[in-house]
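Participant: As a plain string of letters, each chain reads:
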Amino acid sequence: MKILQQEIKSQKMAIVIWSLSIGLLIAVCVLMYPEMKAEMTDVNEIFASMGSFSSAFGMDQLNFGTLIGFYAVEGGNMLGIGGAFFAAIVGITSLMKEEKDRTAEFLFTHPMTRGRVLLEKVCSIYIILLIMNLIVYVVSVVSILIIGEKIDWTVLSLIHLAYFLMQCEIAMICFGISAFLRKGGIGFGIGVAAGLYFLNIVANISQDAKALKYITPFAYTEGYELINNKKIPMEYLISGMVLMLAGIIVASVYYRKKDIFS
Amino acid sequence: MKAIETMKLTKSYGASRGINELELSVEEGDFYGFIGPNGAGKSTTIRTILGLIKPTSGSARVLGYDIVNDSKLILENTGYLPSEVNYYNHMKVRDVIEYSAALRGVKCSDKGRRISERLGLDLNKKVTELSLGNRKKVGIVCAIQHSPKLLILDEPTSGLDPLVQREFFSILQEENKQGTTVFLSSHVLSEVQNYCRSAAFIKDGQIIIADKVEKLEGANVKQIAIKTKDGIEEFIYNGDINDLMKSMATKELLDITITEPSLEDVFMNYYR
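Just so you know, the sequences run in chain order A and B. Residue 1 is where the first sequence starts when you use this note's numbering, and the numbers rise one by one after that. Residue 1001 is where the second sequence starts when you use this note's numbering, and the numbers rise one by one after that.
One thing to keep in mind: the hints can contain errors.
Across the chosen pairs, the derived CB separations fall in these ranges [unchecked claim]: (1) Val28/A <-> Glu1129/B: 35 to 45 Å; (2) Lys183/A <-> Asp1122/B: 25 to 35 Å; (3) Glu1129/B <-> Ser206/A: 52 to 62 Å; (4) Asn1089/B <-> Leu134/A: 23 to 33 Å; (5) Gly187/A <-> Lys1125/B: 25 to 35 Å; (6) Gly115/A <-> Arg1114/B: 26 to 36 Å; (7) His1090/B <-> Ala211/A: 38 to 48 Å; (8) Asp1070/B <-> Leu134/A: 36 to 46 Å.
One-sided and incomplete, this derived list gives chain B residues near chain A with beta-carbon spacing under 8 Å [said to hold, decoys possible]: (9) Leu1050; (10) Lys1072; (11) Glu1076; (12) Glu1084; (13) Tyr1087; (14) Ser1100; (15) Ala1102; (16) Leu1103; (17) Arg1104.
Worth flagging that the hints you see were computed from the coordinates, not collected in a lab. Note that the Cβ used here is the ideal one computed from N, Cα and C, for glycine as well.
With the hints as constraints, model all of the structure from the sequences given.
Facilitator: Set out below in structure tokens:
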């Protein structure tokens, strides 16, 4: 598993920076919660009166008066957008960087099948995302403990699990795209993540666009679903996992035959 | 067994040419020079036989293994130095050499260290701080340290100073004596002439001549210098010597010199 180790080592700084950035942003929100708690009844009323704007971000069905409701929106936004961008960058650069940085000739002239290289790269992406999410989870828990709020472990863990799966899906979709790229692509990866986020907003606003929920991984990270039902919406999760698998299969099929230049 | 054998090996990039029905045969244990100008198809040939790019048609075997189906076995027994060497920026020289050995699943730190010392390579430097020559040295260590059966070197001496070049060829000769086949591409003809036993010239993606170096130096090719009252004329002649003599008989010669050309003269003759 030498490639896996090397991938994780090469992403060490990125993991630390993204984990702390997302984790500390969530912590700041959580630490501000006690001051805002008293005014949350008014906030709920404001959001309730904002119509489709609140629906777009899933805020119309959440109770900001509870920490977990507040956390699902504020923390979710940080972890959702930040985590999605990080996952997209890790996924899209995984294969492409070997040709872009001209290291492909070094790597692929060692006795490893391309299938093996792909397998280790896929595993490294999952591990990198897992490490990032664990750091964010710990920072979040510590910040909640600091303000003395009771932690609903099931819902909190479910929120973080949903976001982790969402990041895995985006990373693997970008990994599939990465197989076709020789250089650049980071902007494209971030665009994919932003596009999927936008699709979820559209699906939340329009009843006619509900089918988009089967495409965007943000569909199974909606806070109100996770808090109210205490489970990840399975229909969206399954379609998401199918897309995730498709990303890996596309990369695997194409990359095995690809001419490697550097 | 042949170390490298290509049969009508073709690689085309859409409209542009790569290699075309290339026929190359390298005996096991040989020290082989692969000569051609930039864009002739040297790197395409090497990348194809190493499995980096897939052939459009034709086939090839390296150490008896098929280049399409047995790529892993070929790479296990081959050491490769690319013409442009790049490594992972976060690594030190030592990390790259150890990583290369680890990817091969072998422990060869003693040999790696010995070659590094002979080439004057600082193992503690970061790869981002290395000059082209020092990056090449890292590549040489990675290619040789596991004692492969076949060494494929793509323009290996670019960036190396003359002293290191001499040490490098000394290492190659030692490896060759121990049975390693050395296949190096170059457009520096003197290194092929000085070190290789066999060579092939590639032009426009095809082998135009391949033979023992000493035969190539003399093979039906003569360097002619004639002196007439109009001045001195020098040229390479590779036709029938009798025709040359008949042609010379029609001229009023003051002097004539016929010499064996150097490999460079032969090269120039083929690529003019």
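Participant: Decide, hint by hint, whether the structure agrees.
Facilitator: Structure-based check of all given hints:
1. Val28/A <-> Glu1129/B: 35 to 45 Å: holds (39 Å)
2. Lys183/A <-> Asp1122/B: 25 to 35 Å: holds (31 Å)
3. Glu1129/B <-> Ser206/A: 52 to 62 Å: For Ser206/A against Glu1129/B, whose Cβ atoms are near 56 Å apart, the range 52 to 62 Å holds.
4. Asn1089/B <-> Leu134/A: 23 to 33 Å: holds (27 Å)
5. Gly187/A <-> Lys1125/B: 25 to 35 Å: holds (33 Å)
6. Gly115/A <-> Arg1114/B: 26 to 36 Å: Holds, at about 35 Å.
7. His1090/B <-> Ala211/A: 38 to 48 Å: holds (44 Å)
8. Asp1070/B <-> Leu134/A: 36 to 46 Å: holds (42 Å)
9. Leu1050: holds (6 Å)
10. Lys1072: holds (5 Å)
11. Glu1076: holds (4 Å)
12. Glu1084: Nearest chain A Cβ about 7 Å off; hint holds.
13. Tyr1087: Given a least distance of 6 Å, the restraint on Tyr1087/B holds.
14. Ser1100: holds (7 Å)
15. Ala1102: Since the shortest Cβ distance to chain A is 5 Å, the answer is holds.
16. Leu1103: Cβ of Leu1103/B sits 4 Å from chain A, so the hint holds.
17. Arg1104: holds (6 Å)
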